[in-house]
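4 protein chains.
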Amino acid sequence: MLKLEEKKDAVAHEKHGPHGVNQKALRRLKNIEGQVKGIHRMVEQEKYCVDILTQISAVRAALKSVGIVILRRHIESCVSDAMQSGGAERVQIIDELMSILAKEEI
Amino acid sequence: MLKLEEKKDAVAHEKHGPHGVNQKALRRLKNIEGQVKGIHRMVEQEKYCVDILTQISAVRAALKSVGIVILRRHIESCVSDAMQSGGAERVQIIDELMSILAKEEI
Amino acid sequence: MLKLEEKKDAVAHEKHGPHGVNQKALRRLKNIEGQVKGIHRMVEQEKYCVDILTQISAVRAALKSVGIVILRRHIESCVSDAMQSGGAERVQIIDELMSILAKEEI
Amino acid sequence: MLKLEEKKDAVAHEKHGPHGVNQKALRRLKNIEGQVKGIHRMVEQEKYCVDILTQISAVRAALKSVGIVILRRHIESCVSDAMQSGGAERVQIIDELMSILAKEEI
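Residue numbers (numbering that gives the first Met the number 0), protein chains in the order written: chain H, 0 to 105; chain P, 0 to 105; chain X, 0 to 105; chain D, 0 to 105.
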């Protein structure tokens, strides 16, 4: 897998560079960091459990939406490139993609 | 809802105080904060998308497990108390609990 | 676990008998059965994948909502009874409940 | 969306015809139908709630795995074709794919 990943990393750098999608993900991750600190504070101050659970649920949803942004970029660049190259690389990148999508937590 | 919540908050403080469950949740939340920072760094450094997605998936699972810890405490204390008191409070706390459990993100 | 389950089964029969919640779950399950047959037909007729996925998603949501109906009944009857009885039974039923809630698929 | 879907339907028929993936999905859907009937019976006979919930959870997981089979086929055929054609069709099929993946229930 490493070889494919390294190649993809290189391809990503060449073709895309820092772009909009990235900045969007970074901003959201900063917010999520703040939200996690907020939950820590709520637990520390023994806030009502249901309010803490609601916050946890919100952060999980926010992480999912960052995942969707990253996944889109992956499909638009790496998956798209590998599909055009065909052969073993195409099979490998689809296998890899499906194993992510089969996870419960994405 | 506020009245019930306030009461529950008070009850939680009286009966439980800072305890084991809390410390466990706090430690995990500290870890999660570190993991979110790690994901931010990975996006910044344009790491391979699939590795970022794997990390996001891990953090979502970690948050879920904190939620389970909090939920257990809620059921053992607030829900249990309300069930014994019976009447309107019992119905209200079950309604509230079911509305959390119906959410996708818990 | 069996002894607790048998007891709960007996308790459920005595206390509740066939009631509204049940009928609601049964009607929904009939619908779900029809929906699953519909998906089978769509796959057989090679319908557009995205439409099939949309249907699968709808059936999964419908099953979740049946689960919520069943879960509510469980909390209102078995969990509530065990909480009032206290002791080992209380711990056991909460352990059992938490192990269901910790699953991804509920 | 309809025009794209119709084209994809046609493309699917031409290129793929009845194949292995399909048969796998059909067999699993037959099993799922049987499992849903089993849950109906369990509710009718007032079986222990936790056992019913465990079955619902199993069927939801089984539906997810059928979804993964269908999704893989979609990515291998329709998405792959659209990516090679490029242009508006490429954007459209990625938008459509992302809107499925963003759903909670897939």
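Hints may be right or wrong, so weigh each one.
Note: identical chains are not told apart, hence a pair may lie in one copy or across any two.
[Stated by the list, open to error] In silico lysine-lysine, DSBU-like type, Cα no more than 30 Å apart, as pairs:
hint, residue 1, residue 2
1, K23, K36
2, K102, K23
3, K63, K36
Since the hints were derived computationally from the structure, they do not count as laboratory data.
Hint-by-hint comparison with the structure:
1. K23 <-> K36: Close inside one copy (20 Å) and across copies (15 Å); limit 30 Å.
2. K102 <-> K23: both (24 Å within a copy, 20 Å between copies)
3. K63 <-> K36: Both. Shortest intra-copy (18 Å) and inter-copy (16 Å) distances satisfy the 30 Å Cα cut-off.
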